[in-house]
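Trainee: Need the complex rebuilt from these two chains, each delivered in its own frame; the hints are there to steer you.
Each chain is listed here by its residues.
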Amino acid sequence: MASVLGRYGRKWSLGCVSYHKNHLPRFSTVTHSAVPSEPIQQQQAGRSMNLYSAINQALHIALESDSRSYVFGEDVGFGGVFRCTTGLAERFGKHRVFNTPLCEQGIVGFAIGLAAMDNRAVAEIQFADYIFPAFDQIVNEAAKFRYRSGGQFNCGGLTIRAPYGAVGHGGHYHSQSPEAFFCHVPGIKVVIPRSPSQAKGLLLSSIRDQNPVVFFEPKWLYRLSVEEVPEHDYMLPLSEAEVIREGSDITLVGWGAQLSIMEQACIDAEKEGISCELIDLKTLIPWDKETVEASVSKTGRLLVSHEAPITGGFGAEISASIVERCFLRLEAPVSRVCGLDTPFPLVFEPFYMPNKNKILDAIRSTVNY
Amino acid sequence: MALSHLSSTRSNRLLRPLAAAASSLCRPISTSTEPLVIETSIPFTPHKCEPPSRSVETNPQELLTFFRDMATMRRMEIAADSLYKAKLIRGFCHLYDGQEAVCVGMEASINKKDCIITAYRDHCTFLGRGGTLLEIFSELMGRQGGCSKGKGGSMHFYKKESGFYGGHGIVGAQVPLGCGLAFAQKYNKDENVTFALYGDGAANQGQLFEALNISALWDLPIILVCENNHYGMGTAEWRAAKSPSYYKRGDYVPGLKVDGMDVLAVKQACKFAKEHVLKNGPIILEMDTYRYHGHSMSDPGSTYRTRDEISGVRQERDPIERVRKLVLGHDLATEKELKDIEKEIRKEVDEAIAKAKVSPMPEPSELFTNVYVKGFGTEVFHS
Numbered sequence: 001m002a003s004v005l006g007r008y009g010r011k012w013s014l015g016c017v018s019y020h021k022n023h024l025p026r027f028s029t030v031t032h033s034a035v036p037s038e039p040i041q042q043q044q045a046g047r048s049m050n051l052y053s054a055i056n057q058a059l060h061i062a063l064e065s066d067s068r069s070y071v072f073g074e075d076v077g078f079g080g081v082f083r084c085t086t087g088l089a090e091r092f093g094k095h096r097v098f099n100t101p102l103c104e105q106g107i108v109g110f111a112i113g114l115a116a117m118d119n120r121a122v123a124e125i126q127f128a129d130y131i132f133p134a135f136d137q138i139v140n141e142a143a144k145f146r147y148r149s150g151g152q153f154n155c156g157g158l159t160i161r162a163p164y165g166a167v168g169h170g171g172h173y174h175s176q177s178p179e180a181f182f183c184h185v186p187g188i189k190v191v192i193p194r195s196p197s198q199a200k201g202l203l204l205s206s207i208r209d210q211n212p213v214v215f216f217e218p219k220w221l222y223r224l225s226v227e228e229v230p231e232h233d234y235m236l237p238l239s240e241a242e243v244i245r246e247g248s249d250i251t252l253v254g255w256g257a258q259l260s261i262m263e264q265a266c267i268d269a270e271k272e273g274i275s276c277e278l279i280d281l282k283t284l285i286p287w288d289k290e291t292v293e294a295s296v297s298k299t300g301r302l303l304v305s306h307e308a309p310i311t312g313g314f315g316a317e318i319s320a321s322i323v324e325r326c327f328l329r330l331e332a333p334v335s336r337v338c339g340l341d342t343p344f345p346l347v348f349e350p351f352y353m354p355n356k357n358k359i360l361d362a363i364r365s366t367v368n369y
Numbered sequence: 001m002a003l004s005h006l007s008s009t010r011s012n013r014l015l016r017p018l019a020a021a022a023s024s025l026c027r028p029i030s031t032s033t034e035p036l037v038i039e040t041s042i043p044f045t046p047h048k049c050e051p052p053s054r055s056v057e058t059n060p061q062e063l064l065t066f067f068r069d070m071a072t073m074r075r076m077e078i079a080a081d082s083l084y085k086a087k088l089i090r091g092f093c094h095l096y097d098g099q100e101a102v103c104v105g106m107e108a109s110i111n112k113k114d115c116i117i118t119a120y121r122d123h124c125t126f127l128g129r130g131g132t133l134l135e136i137f138s139e140l141m142g143r144q145g146g147c148s149k150g151k152g153g154s155m156h157f158y159k160k161e162s163g164f165y166g167g168h169g170i171v172g173a174q175v176p177l178g179c180g181l182a183f184a185q186k187y188n189k190d191e192n193v194t195f196a197l198y199g200d201g202a203a204n205q206g207q208l209f210e211a212l213n214i215s216a217l218w219d220l221p222i223i224l225v226c227e228n229n230h231y232g233m234g235t236a237e238w239r240a241a242k243s244p245s246y247y248k249r250g251d252y253v254p255g256l257k258v259d260g261m262d263v264l265a266v267k268q269a270c271k272f273a274k275e276h277v278l279k280n281g282p283i284i285l286e287m288d289t290y291r292y293h294g295h296s297m298s299d300p301g302s303t304y305r306t307r308d309e310i311s312g313v314r315q316e317r318d319p320i321e322r323v324r325k326l327v328l329g330h331d332l333a334t335e336k337e338l339k340d341i342e343k344e345i346r347k348e349v350d351e352a353i354a355k356a357k358v359s360p361m362p363e364p365s366e367l368f369t370n371v372y373v374k375g376f377g378t379e380v381f382h383s
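So the protein sequences, as listed, match chains A and B. Be aware that the first sequence starts at 1, since it is given in the UniProt record's numbering, and climbs by one per residue. Be aware that the second sequence starts at 1, since it is given in the UniProt record's numbering, and climbs by one per residue.
Fair warning: there could be bad hints in the mix.
Stated by the list, open to error - Pairs of lysine-lysine residues, derived as BS3-like cross-links and limited to a Cα-Cα distance of at most 30 Å, are as follows:
| no. | chain 1 | residue 1 | chain 2 | residue 2 |
| --- | --- | --- | --- | --- |
| 1 | B | K160 | B | K113 |
| 2 | A | K358 | A | K271 |
| 3 | B | K347 | B | K336 |
| 4 | A | K94 | B | K242 |
| 5 | B | K160 | B | K347 |
| 6 | A | K144 | A | K289 |
| 7 | B | K149 | A | K356 |
| 8 | B | K87 | A | K356 |
| 9 | A | K358 | B | K149 |
| 10 | B | K248 | B | K189 |
| 11 | B | K347 | B | K87 |
| 12 | B | K242 | B | K48 |
| 13 | B | K87 | A | K358 |
| 14 | B | K347 | B | K85 |
| 15 | B | K160 | B | K357 |
What the hints assert, rightly or not - Distance ranges between label pairs, derived from CB positions:
| no. | chain 1 | residue 1 | chain 2 | residue 2 | range |
| --- | --- | --- | --- | --- | --- |
| 16 | B | K242 | A | G93 | 19 to 27 Å |
| 17 | B | D219 | A | S67 | 48 to 56 Å |
| 18 | B | K160 | A | G113 | 39 to 47 Å |
| 19 | B | K279 | A | G113 | 40 to 48 Å |
FYI, nobody ran anything at the bench for these hints, they're computed from the structure. The model shown is predicted, which means the values in this text are computed figures rather than measured ones. By construction, the Cβ of each residue, glycine as well, lies at the ideal position given by its N, Cα and C atoms.
The following block holds chain B by itself, in its conformation from the complex (with noise of 0.2 Å):
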């Protein structure tokens, strides 16, 4: 196919008019699953192994799945924010927007009995793992119907039955945990593997070193996968890291640089990486991404980067637009029909969003459940 080489917006703009005059009339929206093949937009870096190619396989339907699934979490952490700030959630509230394709390229290339275990921004991996808009909003707003019976918080979203181990506060404490997953997954030999993804701030947690020791001695089937935002909290990545090339840091585990915001290189990185730890033990996959809130909903956000440098990377970089150009430019579907797709996006969030609202708080017997296994364990007070 001519278009199969990645080209710039401006070519494509020349050819849509005389296409979409033809197209718009009689195609619908592609769901063919025919085989296309797509270049990530710059090449792999490798760290002690060889780099999987950058052409990578997919098909119509499979782009425009990505396509509406990160629009579904776009909008969805947009509509968090606006929560928020409505005080309808409290606590603390940390947005994934800008970081979509990390989450969606790496569903794409597991299943679900693979684990995926990460920290506290952890509402676009839930929604990815199976995870319903009602769910996501009721555990945001703390009601009863949430995925933790709102007693976890924006923080701690689980899903058991899609292997996803959550949603943890305490930073770099779940790699670890992911190496035990791991652990069990190949005493099984169940032939799944485990991603545990972490930030550029808890890449300088001790606990991370003796995770990567770990899983490299006992040659478990484990995916480091560091989120690099480029700001741990406030602190840009050189301020805190002698070696801000997270893939290079495990040393004798082999790594791999991605660019996270290519849902394609995503889902490539991820495939190469979980084949790989079947037969080599582990591998740190370091996603080249960004977000464009602040660390959480009380940061701003601009007081340690220019607004330029958010706006330039939503503008060269952003996940969606790169998957809307895809689509566009292969001809799979035309504007109107994405936009149709965003608006039909919106109506769902809103209205898992107004369900939400009205759905009933957690009983207050449940402060005392599931402290221990049964029973209390807890001393109800009384003078």
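Next up, chain A with everything else stripped away, as it sits in the complex (with noise of 0.2 Å):
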């Protein structure tokens, strides 16, 4: 009975608020707001804000849409280190939003039971470098519950959330970019926002999605990227990619911060006339390939750029599929730019990040092929 009216209920949500495809406001630059290159549906004024208000915002939104979702985690109660559940507590209670003790594994396991018992769990692991005692839990539990069971339970109302990604100075432990772990596990959908108004649609998204989800957020951006977001209650579709530069000599594929870095490069390489495409792909599986395809039979060269060392990142995947797909198109190999294969280092943090300046030689050296 329950499970019948959790499925209603979600289902009402669903319908009430509508999809926005591509119609936010463009890509913003680290510093400074947006201008929107479309007008938004009229729908309520959106207000600056960085990305962990967004995220704020939408945890807000989360909690007051659906009685049965809860937030926990190590010190969310208080609003938590990056402020991401700041209020939270206050406002819906200790019962709804709740500390837990430090034990990773233990809290993903907890909020899968509580995800199947049909409620909304959003798990809060306090920094992505600390998610592998879960990683059991996550991969053994939570992406096969559903399957195993043939349908019978599943923990779809799981949501973990994570900061990941280099922050300048964070070293082995602060700083890991784990997401081509969890790439690897069919059952779980892995999602990345770019930037606030991103993140509140893609996490309301997240929680309210029937799969379970790890969201990571560059943590990197939380103060940094300021914009314009819209206060009400709205979610982005997940699977699916976004071009947010047009253009016509190459595809550059990416995430999370990684792509305002590569954003920098497509102006540059424009001064040199190089016309690039960017494209963000926010959901990391499933992944959006037809996007991807498509705007690589246009250009015919493909970047993908990522923090996380480069041997068995997620660009290996999009590389091998995108060859199965485009092969006779490519006018040169696809290109990697991304982390190189040693630990996080601390004082190399500089030399070991994917730059502009090695994505934009990498732009020059596959359109010179």
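Mentor: So, in structure tokens, the structure goes:
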């Protein structure tokens, strides 16, 4: 009975908010707010806010719209170490927003169980670098629950949020990008937003999606990325990539904080007469192969960039899939500009990172192949 | 000796002027190794074992060494605080001031063949294991001369030749590693033990219980030391743990609760523990200690505890002050002599910092070394 109501409730909430397909403000470069390229549908006005505020707003909306949703994790009660959960405990109470002890495996296992009882469990892992004790729970429990029970049970209401990525001085254990590990697991979704307005919509979609989602938030952008974010409840579709810059000479694919670096490279390349098309993948699995394929069919060249080390990174999957689909169209090998194959270093971070110049070099050599 | 029981400050102050006048004229700092027996401030609380005696054997030289070592550690941590604020140290920096008695007391009861493995609050533990101030400041500032060649940073200090296995960023991960170290020691029959340190936050990690079971099952010579400073980052112990009696959490593994601010109690407990584990398998030591700084340099440390609490501990239980009182009370040195030691330490620390500041950064090629055993394994990026 409860599960029927739950399903009905979710359909209702999906039905009453509209999906925005690429009708949001254009991707902003890191420090200033964006100018919309197309008029937004007539909704409530937006407000300028940063990434953690947008995520905070999404969580407020999620908890408000669904009384069976919960937010928990280490230190979330006072607002969290990145302030993403500010005000939630005060507003919704300690039985819905609560701190957990320091035990990632326990947190995720607990979240899976809660979700299996048809609740929306939003678990926070304080830094993506700490997600590994929970890796077994995610891979072996969350991803396979629906499959192995023949559809009787599922933990679709599970969303795991974790800040990921370089922050300038994080060192080995506060900078990792572990998305590739999770992209290798059928049964879960991996979503990574690039900006505040994207984050709000994608997080709401992830929470309401009927599959378990791992949601990585680019911590570098928590304060740095500021833009107009609509104040109402809206969702952005998962598994749909977005072309955020149109071009004709080469396709660049990325996600999260890396996109702003890639955009800088595109702007510089433009000055040299190279027209770059930039795609935000948004959902890494299941990923939108069609959009990327269509773009590469147009340009004939592909460059993928991510902070995670190059070997075995998600760029390898994109490269392999696109080569399969676009082999005869490709004018040059697929280029990957990624982190180096070393542990994320401390003092050497500037050398390790796939920065603008490395991307620019790669664009040039791909175009001149 | 009349003053063998630690008396209150007031009575010491009354006795002092008389003794001082006579003694400061002709007595140098005592370096005698004549035994002195001192009682710990509070008794030990046992769990499934017989506690050791409260009477600790020490001597003037040892007490003065305690004073010097702890004062060096204190000065070093405060200097690291300033360096961090000056942005010479970057990344994360977790300071140990207040907890000095734990590593100093531990060192007094063991040797360098025993292994110590700890979490990320490791600057003082490293110093206790024989590290130098220069190595410490160099590593903190990411220089070549650092103990981990500048590649580890604050959280990853190591010293192989002294059995210091570091220096770990992931909470609780070092404890099962400690079991492995202990197993190797037992296998080699070398009568050495491992001290695996963790905090009250880490005590709730699943891997800790796995480590307890493994070490008890196989009778490993491991001492699990919970440095309970009562706050896991900003979370008070009673908010995170159903049972904050960490020394009892081993259930079938015996435990001992120790006043971690009393260096002599720590020394006694570690000595007892080492003897115990070589015969009977693992034991848990809970060190009741306190950190004055916040969890790390990004944490002011005052949003989850009152300033009164912090200053209260500083006044009542500071480990260095305790030893100072002991030394003065037993007339092993004068106040001036102790102050001179502190001045000397300050100078040493400043010199080490100055040297470290001008020392070179690691070569860029170091980015690729030590990933695997030899040569690359890494792709040098090219388009």
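Trainee: If a hint holds in the structure, say so; if it does not, say that too.
Mentor: Hints and how they fare:
1. K160/B - K113/B: Holds - the C-alpha atoms of K113/B and K160/B are around 10 Å apart, at most 30 Å.
2. K358/A - K271/A: Status holds; Cα separation ~17 Å.
3. K347/B - K336/B: holds, 16 Å
4. K94/A - K242/B: holds, 17 Å
5. K160/B - K347/B: holds, 28 Å
6. K144/A - K289/A: Distance of about 24 Å is within 30 Å: holds.
7. K149/B - K356/A: Given that 30 Å is the threshold and the Cα spacing comes to 29 Å, the pair holds.
8. K87/B - K356/A: holds, 25 Å
9. K358/A - K149/B: holds, 27 Å
10. K248/B - K189/B: At roughly 29 Å apart (the allowed maximum being 30 Å), K189/B and K248/B satisfy the hint.
11. K347/B - K87/B: Status holds; Cα separation ~22 Å.
12. K242/B - K48/B: Judged against 30 Å, a Cα distance of about 20 Å means the pair holds.
13. K87/B - K358/A: holds, 28 Å
14. K347/B - K85/B: Since the Cα atoms of K347/B and K85/B sit roughly 20 Å apart, the hinted pair holds (cutoff 30 Å).
15. K160/B - K357/B: With Cα atoms ~25 Å apart, K160/B and K357/B stay inside 30 Å; holds.
16. K242/B - G93/A: 19 to 27 Å: holds, 21 Å
17. D219/B - S67/A: 48 to 56 Å: Given a distance of about 53 Å, which is inside 48 to 56 Å, the answer is holds.
18. K160/B - G113/A: 39 to 47 Å: holds, 44 Å
19. K279/B - G113/A: 40 to 48 Å: holds, 43 Å
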